[in-house]
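The whole structure should be built from the sequences, with the hints applied where relevant.
Going left to right, the sequence shown walks through residues 259 to 423 as the numbering used here numbers them.
It is worth saying that the hints were derived from the structure and are not from the lab. For every residue, glycine included, the Cβ atom is placed at its ideal position computed from N, Cα and C. Do not rely on the hints blindly, as some may be mistaken.
Unchecked claim - Subject to a maximum C-alpha distance of 27 Å in a straight line, what follows is the list of computed DSSO-like cross-link-like pairs (lysine-lysine):
1. K372 / K398
2. K365 / K400
3. K398 / K365
4. K338 / K403
5. K403 / K372
6. K338 / K365
7. K372 / K319
8. K365 / K305
9. K372 / K305
10. K281 / K398
11. K338 / K271
12. K319 / K398
13. K305 / K338
14. K338 / K281
15. K400 / K305
16. K281 / K271
17. K365 / K319
18. K365 / K281
19. K319 / K281
20. K372 / K338
21. K398 / K305
Claimed, not checked - Quick list of simulated restraints, FRET-style, between CB atoms:
22. R392 / E330: 16 to 24 Å
23. T336 / S260: 35 to 43 Å
24. A288 / P394: 29 to 37 Å
25. H264 / R392: 29 to 37 Å
26. A291 / S354: 17 to 25 Å
27. S335 / S364: 14 to 22 Å
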Amino acid sequence: MSVTLHTSLGELKIELFCEAVPKACENFLALAASGSYDNCLFHRNIKGFMVQTGDPTGTGKGGQSIWGRPFEDEVRSTLKFNARGIVAMANNGPDSNKSQFFIAYSKQAHLDGKYSIFGRVIDGADSTLDAIERTPVNEKNKPLKEIRLERVQIHANPIADATLR
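Here it is in structure tokens:
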């Protein structure tokens, strides 16, 4: 399963790890399908570390899961921050996942075991992600020029769910 993030600086195609982390993917896909991520700001951008979005208020303090409350972490030993483009739920402590997520700009081993990784960038890392990372920020790591997640396109594969007869 994959999605494309259409941003104001280009597209990022992301492979989702639905089998490994079903709850995080269900939450992300349902929020995407409902338009909750449409026009969200990338409100936090730290060069060499990560960029964060998914807060409809644009403040970095908002957002909610599809269940109306934070949901538990889905940490998997097989999923690590071992490359550029790893996508994970943002949180403010254990079991506090809502709608915000981030994309790592590089390996971040110190984050392993603390965040629910639910995908990875498979296209756009050398163009769009680079452009986002290069965007100047203020002292609070907020981009000086707005970068928006305009919409999320979900790529369905009906054959993947079909039963062969």
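Okay, the hints, checked on the actual structure:
Restraint check: the Cα-Cα separation between K372 and K398 comes to about 23 Å, which is no more than 27 Å; the hinted pair holds. Among the hinted pairs, K365 with K400 is consistent with the structure: their alpha-carbon atoms are about 22 Å apart, no more than 27 Å. Note on K398 and K365: the hinted pairing holds, with a Cα-Cα distance of about 22 Å set against a maximum of 27 Å. For the suggested pair K338 and K403, the alpha carbons sit about 31 Å apart, so the restraint of at most 27 Å is broken.
A C-alpha spacing of about 30 Å is found between K403 and K372, which places the hinted pair above 27 Å, so the restraint is violated. Distance restraint check for K338 and K365: the Cα-Cα separation of roughly 9 Å lies within the 27 Å cut-off, and the hinted pair is therefore satisfied. Restraint check for K372 and K319: the C-alpha separation of about 19 Å stays at or below 27 Å, so the hint holds. Straight-line distance between C-alpha atoms of K365 and K305 comes to about 13 Å, which keeps the hinted pair within the 27 Å bound.
Taking the CA atoms of K372 and K305, the gap is about 20 Å. The hint holds against a cut of 27 Å. Note on K281 and K398: the hinted pairing is violated, with a Cα-Cα distance of about 31 Å set against a maximum of 27 Å. Among the hinted pairs, K338 with K271 is consistent with the structure: their alpha-carbon atoms are about 19 Å apart, no more than 27 Å. A distance of roughly 14 Å separates the Cα atoms of K319 and K398; the hinted pair therefore holds under the 27 Å criterion.
For the hint pairing K305 with K338, the CA-to-CA distance comes to about 20 Å; that is within 27 Å, so the pair holds. Only pairs whose Cα atoms come within 27 Å are accepted, and K338 paired with K281 is accepted, the gap being roughly 18 Å. Between the alpha carbons of K400 and K305 the distance comes to roughly 11 Å, so the proposed pair stays at or under 27 Å and holds. For the proposed pair K281 and K271, the alpha carbon gap of about 20 Å is at most 27 Å, so the pair holds.
For the hint pairing K365 with K319, the CA-to-CA distance comes to about 26 Å; that is within 27 Å, so the pair holds. A C-alpha spacing of about 24 Å is found between K365 and K281, which places the hinted pair at or below 27 Å, so the restraint holds. Distance check on the hinted pair: K319 and K281 sit about 22 Å apart at the alpha-carbon level, within 27 Å; holds. Of the supplied pair hints, the one linking K372 and K338 holds, its CA atoms being roughly 10 Å apart against a limit of 27 Å.
For the suggested pair K398 and K305, the alpha carbons sit about 12 Å apart, so the restraint of at most 27 Å is met. Taking 16 to 24 Å as the suggested C-beta distance range, the pair R392 and E330 does not conform, at roughly 35 Å. As the Cβ distance of T336 to S260 is approximately 19 Å, the hint placing it in 35 to 43 Å is violated. The hinted window of 29 to 37 Å between A288 and P394 holds, with their beta carbons roughly 34 Å apart.
With their beta carbons about 19 Å apart, H264 and R392 fall outside the hinted range of 29 to 37 Å. Distance hint for A291 and S354: a CB-CB separation of about 23 Å, consistent with the stated range 17 to 25 Å. For the hinted restraint 14 to 22 Å between S335 and S364, the CB-CB distance of approximately 21 Å keeps it satisfied.
Of the hints listed earlier, those the structure fails to meet are numbers 4, 5, 10, 22, 23 and 25, in rising order.
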